[in-house]
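Enquirer: Given chain A, put chains B and C in place with the hints provided.
From first to last, the protein sequence lines are chains A, B and C. According to numbering that gives the first Met the number 0, the stretch in the first sequence is residues 0 to 280, in order. According to numbering that gives the first Met the number 0, the stretch in the second sequence is residues 0 to 541, in order. According to numbering that gives the first Met the number 0, the stretch in the third sequence is residues 0 to 305, in order.
No wet-lab data here; the hints were simulated from the structure. Since we're looking at a predicted model, the values are computed, not measured. Hints may contain errors.
Claimed, not checked - In silico DSS-like links for lysine-lysine, alpha-carbon gap of 27 Å or less:
1. B:227 to C:172
2. B:190 to C:45
3. B:465 to C:51
4. B:190 to A:242
5. C:200 to B:138
6. C:156 to B:516
7. C:6 to B:160
8. A:9 to C:121
9. B:46 to B:465
10. C:200 to A:13
11. A:242 to B:395
12. A:108 to C:121
13. B:227 to C:90
14. B:209 to C:45
15. C:90 to B:230
16. B:311 to B:395
17. B:138 to C:67
18. B:395 to B:46
Claimed, not checked - Examples of chain A residues lying across from chain B (beta carbon under 7 Å, computed):
19. 45
20. 47
21. 49
22. 64
23. 220
24. 239
25. 240
Note that beta-carbon positions come from the ideal geometry of N, C-alpha and C, so glycine has one too.
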Amino acid sequence: MNTLWSDAFKTLSKNKPALLSLFFIIFIILVALFANLLAPYGYEIQNPSQRLMFPNRTFWMGTDILGRDLLSRVIYGSRMSISVGLIVAICSLIVGTLYGSLSGYVGGKIDNLLMRIVDILYTFPSLLLIILIRVIFGQGLFGIFLALTIVGWVDVSRIVRGQVLQLKEMAFIEAARAVGVKNRFIIFKHILPNILGPIIVTLTFEIPAAILSESFLSFIGLGLQPPFSSWGSLANDGFQAFKSFPHLIIFPGFSIFLTVLAFNLLGDGLRDALDPKLKNA
Amino acid sequence: MPWIQNLKTHERTQPMKKIYGIILALIILVIAWNFFGPKKFHSHPEKEFRFVIASEPPTLDWSLATDNVSADILFNLMEGLIQFDSDLNVKPALAERWDISSDGKRYTFHLRSDALWTDGKPILASHFVDGWERLLNPKTASDYAYFLFDVKNAKEYNAGKLTDFDTVGIHAQDDHTLVVDLWHPASYFLKIPFFWVTFPIRKDIIEQFKDAWTDPKNIVTCGPFRLKEWKHDYSVTLEANPSYYGEKPKISTATAYIINEDSTALSLYDTNKVDLIRRIPPLLISHYKNLADYKNSPFLRGYYYGMNVKKKPFTDSRIRKAFSLAIDRSQLSTILQGNQIPTSSWIPKGMFGYDETIGLKFDKEKAQLLLAQAGYPKGEHFPSIKMVYDTRDDNKIIAEFLQSQWKEHLNVTVSIDNQEWKVHLKMLETNPPELWRLGWGADFPDPDNFMNLFTSYSGNNHTQWKNKEYDQLIEEAAKELDSQKRLTLYQKAQHLLTEEDVPIIPLFIDSQNVLLKSYVKGYTLNPMSNNILKNISISKND
Amino acid sequence: MIPFILKRIFISIPVIFVLATITFCIMRITPGGPFDKDKAIPPEIKANIEAKYHLDRPLWSQYFYYMKGLIQGDLGPSYKYLGRSVTDIIKDSLPVSVELGLYAAFLAFLLGIPLGIIAAYKHGTWLDSSSMFIAISGITLPSFLVAALLIYFFSFKMGWFPAGLWEGGWEYKILPVAALGLRPVAIIARLMRTSMLDVIKADYVRTARAKGLSEFPVILKHVLKNSLIPVITISGPLLAGIITGSFVIEHVFAIPGMAKHFILAVTNRDYPLIMGVTLIYAVLLILANILVDVLYAVIDPRIKVS
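For reference, chain A alone in the conformation it holds in the complex (with noise of 0.2 Å):
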């Protein structure tokens, strides 16, 4: 297992785009730990005079509609954007790698059971949930999180499924069997920590899908409500002036995707070092 990983680290460390992600987001998680020291402005501070300002010396990202100052807003917005993604990403993964790899491991009728049931969850549009959820719960966050989640852990379990699937053939957790460890045991003990892998790089998947969905659902109104401001919501804000503001939606608009694509290179780099197919190439 040893050189698994310290394989895998040398094979990263090579991967320069993947390197540059994994310190584009360190940065932006330092950036949202310590949005108010970094912060020039508060992110709700009006200036009514400074209104729709385009980026200049004093506000570096211009300002919006009521006179804040945009660089405040995307740097709290890092706040929002990046804990939805995390805290998302890390429900959905454990109740779908709870879920994939009982029903993977267990097998025969309970498998099929719980896959039916993911089957039915997958064939329900996962927008007309979350849009029912957030109207119950509300303009909350919690509202969003359950939606987000709801949605994301169905393909993380189909995902631990397969591996689990294939590990459960190999020989040494026969063996295990055979010598009579217990199930719970060898879940924990030996299948787990082998797909700890894949499920690092599923991971690291999961959390750019979860701010792009959150986006999406900010600009059909359904997104995070003041005083939250994600980068979806900043950039829903200056969606329609995009011709005549165009920073209003470009700022926030980027940084999504710069974030998003440093965990997408991340998890790609990920992949290919913790791919043991690749080792013999």
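Expert: Positioned in the frame of chain A, the structure of chains B and C alone reads:
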């Protein structure tokens, strides 16, 4: 993978690089030419007018229609007893003259004899009786049946307590005379027949085609246009009606495109695909304001925040006044940019009874004094309260502005919440929060329609405020026929509403921001935002 | 083959019923009713309206009433669009969405697969890196941003295509299809490339080479066929993604499709329309999944369809 490398080196030769380069240069040239070069947008068709409606009309059955989009179409397909000119004065339409009895309870309308339906049949007084009966019939389940509740026995008929429509105060004395009897005089009653629910109806057509009677091939109307085509969720096309009694429209067709997204509608306007835009989002107003195409007009629509006077701390009228005094409404016009009129009173500008001196003007010191008197000097220990609005771009901007005003001038923190429209309405009906946003657009241009909102029995009064004196003033003013006396009554009522008890904080009167192509003539804006197309003409290519 | 397809369709029917029941329950839990309006109506009138639509009956009665209609193919009347039935609305709008979606799907495969093949072929060159960069942008840019950019450049600035609407001519289709298809093209291109590279490195290709078969047949037969398998696998979710994405596209380009009704119906609490649209989408997805399984069998008979 050695064999793939070999293939690659085969491929990469000099001539290939040159060809790539030339192609790239050509592409850049074409793009640059189109991007920066002269623009040739589509030229407009000569007798076709194209405009935008924001959503699909839920119905074109005028007994059932309740929303503006349906109205935009219906006002051109149909006509009623009266119409408004651009200053909202009552003018004859299907009724060429009328008499009102001295006690104000009987209206006799004399109809034109030359007005025809699109199938050639003449318009008779009995068609009006049929229309009003359908509106009031409980089985029709029409939302706006209450418009006619001033008519004798109308309310009882609608509630099912009376089943003989003959007892209701509307009769066709002969083919061209319509007599209406009211319970009591109502000074605004002459304006009510403008509303589409009171239009005449052809019972035989509805019986024949049932739910499909509004399809273009079945519908029978009598206005300056008739329904040519209805592509659901996409467009509604009207064409000039040759059997209209009045001056025929100078355009052959008018098409309404259904476009939900404002910026798309504006892009289509910019590229000459549509000729009229009737809503510009606040962010874009400054972009279009200086164009010759831009037109602005007052709108009989008020925007306010209501308070739940049964919920602390708004049980104390001093605090309610403080909140109203702490808003610098003049900033709203700079933020919204659309010539909205900040207002501290309720009756909107352009309506009888408007008085800009009434209401609580911005006064920071007074607000702070009142707050201190009520027990919260400098905003200390003020309970946490919520302000709720229905989800929409401009509502969000205004809410954030108000929040910062109260923070700045009263040192009070109000948290913002928002709900989707339907949920917002439900919440207002069942359990209104401390502060909530609402608006009101005039159904007809009379102050009663605005002021009766806050009577203790109005279903639209979510403030929980009940004031007997206010109720009496409103009821008296509705019956009062002398305009000077009416004015005084409404002044007193507004005084109560916005200066003494203050259950609401009026913010501004909306305005219409419109873009109209210069080659379109004859389209006038009116404060009810009625979309009247019959006088439009399109001049030759400018 | 045929019995397999029939069996799948048969299994799907109870799925549809479960779906309908779940949707019904969720809709009724949601606060706000279809007839709550901003201008308050007297309670007697409201009672009249609700009686007309059977909303005054107990919930289980409404449920059975609806299910009975469903079996007979009647999806009920729309609560918002008076006088129009849900079947009418779907009949008008579904073909538009299907047309838009199919064009986008065709674009995705027609453009994505060759792009992926070229990128794999020219692995490591600037052509590979640049096309993969474009691909990843397609995946990471939010769709409304893509739509806005396309309208801004190609309609407003260059005047090549209309900014919206859906009249007969082909020029109205280009921008919306491009906006909707960008992400699928990108996903397929990336997947195709990765998949081809994986397959090329696999043992059995080396074996075939070693046996002395010439280049071209090797590539065509073995590599392509096996590379396509992951692409086919994601066709199901890809189609679902196109359906979801089409809401933004239809909204921004003013296209009268069914995706628009999705959101509007929930906003209006138009219960029958919500049910109808949900069920239609579910049926489409199920059909797509069946198609994917059939394609699996065609591509590689070794893959058991069980």
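Enquirer: Check the structure against each numbered hint from earlier and tell me which ones fail, lowest number first.
Expert: 3, 4, 5, 7, 9, 12, 18, 21
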